[in-house]
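Starting from the given sequences, assemble the full structure and let the hints guide the process.
These are the residues of each chain, in order.
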Amino acid sequence: MTPEQLLECLSKNAAAKGYYLHADHDHCLGTAESLLANKERYGYMCCPCRLACSDKQQDSDIICPCVYRDADIAEYGACFCSFYVSKEHKDDPEFFPEVEERRDPSRGL
Amino acid sequence: MNSTVAIIAAVVVVIVLIAVLVLRKKTPSDEKSGKTKDEKPQGDQKLYALGMNPVSEKPIMYALTTCQHCKNTRKFLDANNVDYIVIYLDEYSGSQRSDLMEKVRTYNPRGTFPTILVPGGKVIVGFRKQLMQEVLIHDTGTTA
Chain D
169 MTPEQLLECL SKNAAAKGYY LHADHDHCLG TAESLLANKE RYGYMCCPCR LACSDKQQDS
229 DIICPCVYRD ADIAEYGACF CSFYVSKEHK DDPEFFPEVE ERRDPSRGL
Chain G
108 MNSTVAIIAA VVVVIVLIAV LVLRKKTPSD EKSGKTKDEK PQGDQKLYAL GMNPVSEKPI
168 MYALTTCQHC KNTRKFLDAN NVDYIVIYLD EYSGSQRSDL MEKVRTYNPR GTFPTILVPG
228 GKVIVGFRKQ LMQEVLIHDT GTTA
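Heads up: the sequence lines are chains D and G, in that order. Whatever position you read off the first sequence (first residue = 1), add 168 for my numbering. Whatever position you read off the second sequence (first residue = 1), add 107 for my numbering.
Calculated from the structure, these hints are not laboratory results. From the three backbone atoms N, C-alpha and C, an ideal C-beta is built for every residue, glycine too.
Non-contacting residues of chain G with respect to chain D, defined by C-beta distances greater than 10 Å in every case (computed):
1. Thr111
2. Ala117
3. Val118
4. Gln149
5. Leu154
6. Leu157
7. Asp185
8. Asp190
9. Val193
10. Pro226
11. Gly228
12. Gln240
Result set (DSSO-like, lysine-lysine): computed pairs, CA atoms no more than 27 Å apart in a straight line:
13. Lys224/D / Lys210/G
14. Lys255/D / Lys236/G
15. Lys236/G / Lys258/D
Set out below in structure tokens:
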């Protein structure tokens, strides 16, 4: 699968939840490349903005889309990686809010 | 007698073949589950040592190779001619990866990336253009 194909697939899945991919296409393409790199490295598409521990069970909350996405978009308008955004920000390529990490530090490494 | 030896030999050959097949099957799944990660080459050991004892005249950035915020931060620093050292935690595995993560948490308890240690003690977390401008460029009147 190419990064472009992955973007198309994720874009459709996001639309089903009322979300959009970020308007900065290069940012999205880079994120898609990183997701595929993590898939190759760990065997699953772990969040590229977080350090995986290589254990699928332990990393299950940060497999993209992570379990924190809904809350992050509701509060900040974007997910932790600014990959998924709300409808309100779907056309703004400069929208990169500082999203606080919700993940409990005890869950990671 | 000869037929008994032939049967035993055939059984041994079958067992060896099965063992070879089982071992071949196991290797990829073990890699997928991460069991062999510790056997993979680690990242640069000098950078690991620096990451564990971050004393430098240059800013030290803890980052991930996959993180867009880290890439954007690097682009900004490069565009502003800031000299810095980057340590990619995802290039390490096993205890070295967790050691480095523990070290990052001493400066940034949330353990997020990028985390930049600025000489003098300031810590910049995330892609913070304004803060980097103030701390790494404006403060000194020159680049760090």
